[in-house]
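Undergrad: Next come the chains, spelled out residue by residue.
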Amino acid sequence: MTEKERELLLLIEKEGRMSAEKLAKMLDLQLNEIKQMLHQLESRNVILGYSAIIDWTKAVGTEIVTAMIDVKVTPQRGRGFDEVAERIYRFNEVKACYLMSGTYDLSVVIEGRTMSEIANFVSEKLSTLESVISTTTHFRLKQYKHDGIIFVDEDGADPRIVVSP
Amino acid sequence: MTNVKNTHDVHLSKAVERIEPSGIRRFFDLASSMDNIISLGVGEPDYTTPWNVREASIHSLEKGLTSYTANAGLLELREAISVYMESRFQTAYDPEEEIIVTVGASEGLDIALRAVVDPGDEILVVEPCFVSYAPLVSLAGGVPIPVPTSMENNFQVNVEAIKERLTPKTKAIMLSFPNNPTGAVMGREELAKVAALVQEHDLVVFSDEIYAELSYDEEHVSTAALDGMWERTILISGFSKSFAMTGWRVGYVCAPAVYARAMLKIHQYAMMCASTMAQYAALEAMKNGRADMEEMVASYRQRRNYFVKSLREAGLSCHSPGGAFYAFPSIRSTGLTSEEFAEKLLIEQRVAVVPGHVFGDGGEGHVRCSYAASMKQLEEAVDRIAAFVKNYQN
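Protein sequence lines, in the order shown, are assigned to chains V and X.
With numbering that gives the first Met the number 0, letter number 98 in the first sequence gets 97, and the count goes up by one each step, no holes.
With numbering that gives the first Met the number 0, letter number 315 in the second sequence gets 314, and the count goes up by one each step, no holes.
Because the hints were derived from the structure by calculation, they are not lab data.
Values in this document were obtained by computation on a predicted structure and should not be read as measured data.
Certain hints may be false.
Quick list of in silico lysine-lysine cross-link-like pairs, DSBU-like style, CA-CA up to 30 Å [as the list claims (entries may be wrong)]:
1) V/Lys3 to V/Lys71
2) X/Lys286 to V/Lys3
3) X/Lys162 to V/Lys13
4) X/Lys286 to V/Lys144
5) X/Lys168 to V/Lys3
6) V/Lys21 to X/Lys170
7) V/Lys144 to X/Lys162
8) V/Lys34 to X/Lys343
9) V/Lys71 to V/Lys57
10) X/Lys286 to X/Lys343
11) V/Lys94 to V/Lys13
12) X/Lys13 to V/Lys21
13) V/Lys34 to V/Lys57
14) X/Lys13 to X/Lys192
15) V/Lys13 to X/Lys13
16) X/Lys308 to X/Lys375
17) V/Lys141 to V/Lys124
18) X/Lys168 to X/Lys192
19) V/Lys34 to X/Lys170
20) X/Lys286 to V/Lys21
21) V/Lys34 to V/Lys3
22) X/Lys343 to V/Lys13
23) V/Lys21 to X/Lys375
24) V/Lys57 to X/Lys375
25) V/Lys57 to V/Lys144
26) V/Lys3 to V/Lys144
27) X/Lys375 to V/Lys141
28) V/Lys21 to V/Lys71
29) V/Lys71 to V/Lys34
30) X/Lys13 to V/Lys3
31) X/Lys286 to X/Lys308
32) X/Lys13 to X/Lys62
33) V/Lys3 to V/Lys21
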């Protein structure tokens with residue numbers, strides 16, 4: 000990976016909608032170079048998608064409940080944790096799934112419209128998997144920061160004086 | 000309440016009466032009186048000091064570390080500065096004898112000048128430059144002699160221009176690269192030519208390297224690192240620009256012990272020491288601030304690229320500023336003076352830039368635009384500048 004590719008990734012990770020023209024100017028490259036670079040990064044599956052980070056609490060009528068579930072599992076012979084992880088991350092409700100070190104094995108992030116929807120998912124889908132030994136569900140109460148973005152409304156005013164030496 | 004007429008005659012020093020208030024002041028007053036402006040007039044980072052640095056200062060307060068430090072500053076901080084200077088810029092300084100922590104680089108400049116300058120000494124000041132240089136030379140009793148630079152020469156100082164201004168009274172030269180307001184940098188080769196002349200004429204160099212980390216296209220070359228220059232260079236730097244710590248007022252001077260001892264005398268009588276809590280913050284910045292700084296530098300470089308290209312597209316010719324966070328485009332094509340340009344741009348388009356002449360006569364025909372502003376602000380500012388320039392170029 001080149002330094003410019005890394006720089007490009009850092010920029011679009013922060014703001015995925017930045018136009019290719021703007022990226023080209025910021026990285027001091029030609030427009031076609033940027034387009035080609037993006038295309039290559041996409042085809043190499045380095046860029047997996049472009050998504051918006053949304054504060055759903057502000058979108059009226061669209062409240063979402065998020066839970067983080069610690070899952071203990073029995074690893075499968077030959078495939079370790081991968082097989083059971085795959086059975087879990089395939090569910091649409093699962094937004095993230097990580098293999099963890101420590102007191103439990105998988106960390107699973109679930110989103111649903113209501114708490115009971117999540118409770119149903121855990122009791123009917125997740126806990127009933129043969130390899131799953133136990134689950135501990137934590138409901139998220141408030142989101143302060145996600146993916147490096149702070150969700151608390153901050154005063155965006157520039158505190159600097161208008162002209163300084 | 001009675002009004003008592005003040006019969007006291009005002010007695011001001013001639014040195015103070017001779018110097019003018021900063022030209023930036025008038026423009027600040029004008030810009031401050033208006034609402035909804037995009038300011039590219041700010042000479043400081045648009046980042047808040049990284050949290051770990053702020054937290055270190057809070058921790059020092061909690062521990063009650065509120066007394067004076069040694070006059071020269073916390074030894075631990077000086078040691079960290081010493082390691083930093085050697086590893087980053089190949090300039091070694093003894094933390095006990097050759098480094099003084101000051102109240103911002105501003106105080107560093109002041110004590111450096113006062114330690115060296117005798118009344119009547121001529122000090123060459125490479126212009127355009129930071130607004131304080133010439134007044135500080137005057138306040139120290141010296142005579143500032145401007146050495147102009149030009150956009151045609153990428154605002155690098157030219158040896159011939161220095162030669163023309165040398166007299167038997169010339170004692171020192173003030174260099175500042177990367178430069179405020181031009182963003183110019185000097186490479187090793189160009190700097191070596193100046194260094195040879197400086198040695199030939201036995202001058203002292205005040206080298207303000209506060210923007211050293213903000214060098215985008217090539218590694219910064221410190222004046223003190225050149226052959227034969229360490230012994231005659233007083234290097235001034237600080238935390239404000241590279242670590243986003245302007246309000247903390249922590250800077251430092253590095254110089255051979257004979258100069259450092261002289262500067263320490265002035266510093267200890269005038270300041271005692273820099274603020275203790277700010278020194279602990281600076282220490283944290285030195286120890287663990289590198290990653291945040293590099294991220295900020297990368298972002299300035301991207302914004303520099305974007306902004307300078309956009310200015311050129313808007314019809315203003317602009318050299319490529321290799322450092323600091325300023326673009327210094329020529330506004331001559333509009334037929335306006337820098338003062339008129341800045342004032343009209345502010346009133347008509349609500350964008351604040353600083354007229355170039357406040358940085359010395361050589362700055363006329365240019366304006367300083369700081370790109371330490373958000374991309375959103377820069378995009379909007381560029382659109383407005385383009386509309387403005389189009390109007391005046393017709």
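Undergrad: Could you run down the list of hints and mark each one as holding or not?
TA: Against the structure, the hints:
1. For a cut-off of 30 Å, the pair hint linking V/Lys3 to V/Lys71 is broken: about 41 Å separates their Cα positions.
2. Distance restraint check for X/Lys286 and V/Lys3: the Cα-Cα separation of roughly 28 Å lies within the 30 Å cut-off, and the hinted pair is therefore satisfied.
3. With a C-alpha separation of about 51 Å, the suggested pair X/Lys162 and V/Lys13 falls outside the 30 Å cut-off, and the hint is violated.
4. Pair hint X/Lys286 plus V/Lys144 holds up; C-alpha atoms about 26 Å apart against a cutoff of 30 Å.
5. In summary, the hint linking X/Lys168 to V/Lys3 is not supported, as the alpha carbons are separated by about 51 Å, beyond the 30 Å threshold.
6. As the CA atoms of V/Lys21 and X/Lys170 are separated by approximately 48 Å, the hinted pair breaks the 30 Å bound.
7. Restraint check for V/Lys144 and X/Lys162: not satisfied, since their Cα atoms lie roughly 59 Å apart, outside the 30 Å limit.
8. Among the hinted pairs, V/Lys34 with X/Lys343 is inconsistent with the structure: their alpha-carbon atoms are about 39 Å apart, more than 30 Å.
9. For a cut-off of 30 Å, the pair hint linking V/Lys71 to V/Lys57 is broken: about 35 Å separates their Cα positions.
10. Simply put, X/Lys286 and X/Lys343 have alpha-carbon atoms about 46 Å apart, too far for the 30 Å limit, and the pair is violated.
11. Restraint check for V/Lys94 and V/Lys13: the C-alpha separation of about 20 Å stays at or below 30 Å, so the hint holds.
12. A threshold of 30 Å between alpha carbons decides the hint, and for X/Lys13 with V/Lys21 the separation of about 53 Å lies outside it, so the pair is violated.
13. For the hint pairing V/Lys34 with V/Lys57, the CA-to-CA distance comes to about 34 Å; that exceeds 30 Å, so the pair is violated.
14. For the given pair, X/Lys13 sits about 37 Å from X/Lys192 by alpha-carbon distance, which is inconsistent with the 30 Å threshold.
15. For the hint linking V/Lys13 to X/Lys13, the alpha-carbon distance of about 55 Å lies beyond 30 Å, and the restraint is violated.
16. Note on X/Lys308 and X/Lys375: the hinted pairing holds, with a Cα-Cα distance of about 16 Å set against a maximum of 30 Å.
17. For the proposed pair V/Lys141 and V/Lys124, the alpha carbon gap of about 26 Å is at most 30 Å, so the pair holds.
18. Annotation: proposed proximity of X/Lys168 to X/Lys192 holds, straight-line Cα distance about 21 Å (limit 30 Å).
19. About 56 Å separates the Cα atoms of V/Lys34 and X/Lys170, which puts this hinted pair outside 30 Å; it is violated.
20. In summary, the hint linking X/Lys286 to V/Lys21 is not supported, as the alpha carbons are separated by about 35 Å, beyond the 30 Å threshold.
21. As the CA atoms of V/Lys34 and V/Lys3 are separated by approximately 13 Å, the hinted pair is consistent with the 30 Å bound.
22. Distance check on the hinted pair: X/Lys343 and V/Lys13 sit about 36 Å apart at the alpha-carbon level, beyond 30 Å; violated.
23. For the proposed pair V/Lys21 and X/Lys375, the alpha carbon gap of about 11 Å is at most 30 Å, so the pair holds.
24. Distance check on the hinted pair: V/Lys57 and X/Lys375 sit about 23 Å apart at the alpha-carbon level, within 30 Å; holds.
25. A distance of roughly 15 Å separates the Cα atoms of V/Lys57 and V/Lys144; the hinted pair therefore holds under the 30 Å criterion.
26. For the given pair, V/Lys3 sits about 28 Å from V/Lys144 by alpha-carbon distance, which is consistent with the 30 Å threshold.
27. Pair hint X/Lys375 plus V/Lys141 holds up; C-alpha atoms about 29 Å apart against a cutoff of 30 Å.
28. Our distance criterion of 30 Å between C-alpha atoms is broken by V/Lys21 and V/Lys71, whose separation comes to about 46 Å.
29. For the hint linking V/Lys71 to V/Lys34, the alpha-carbon distance of about 44 Å lies beyond 30 Å, and the restraint is violated.
30. This hinted pair does not check out: X/Lys13 and V/Lys3 have alpha carbons roughly 56 Å apart, beyond 30 Å.
31. A C-alpha spacing of about 36 Å is found between X/Lys286 and X/Lys308, which places the hinted pair above 30 Å, so the restraint is violated.
32. This hinted pair does not check out: X/Lys13 and X/Lys62 have alpha carbons roughly 46 Å apart, beyond 30 Å.
33. Restraint check for V/Lys3 and V/Lys21: satisfied, since their Cα atoms lie roughly 14 Å apart, inside the 30 Å limit.
Violated hints, listed in ascending order, are 1, 3, 5, 6, 7, 8, 9, 10, 12, 13, 14, 15, 19, 20, 22, 28, 29, 30, 31 and 32; each of the other numbered hints is respected by the structure.
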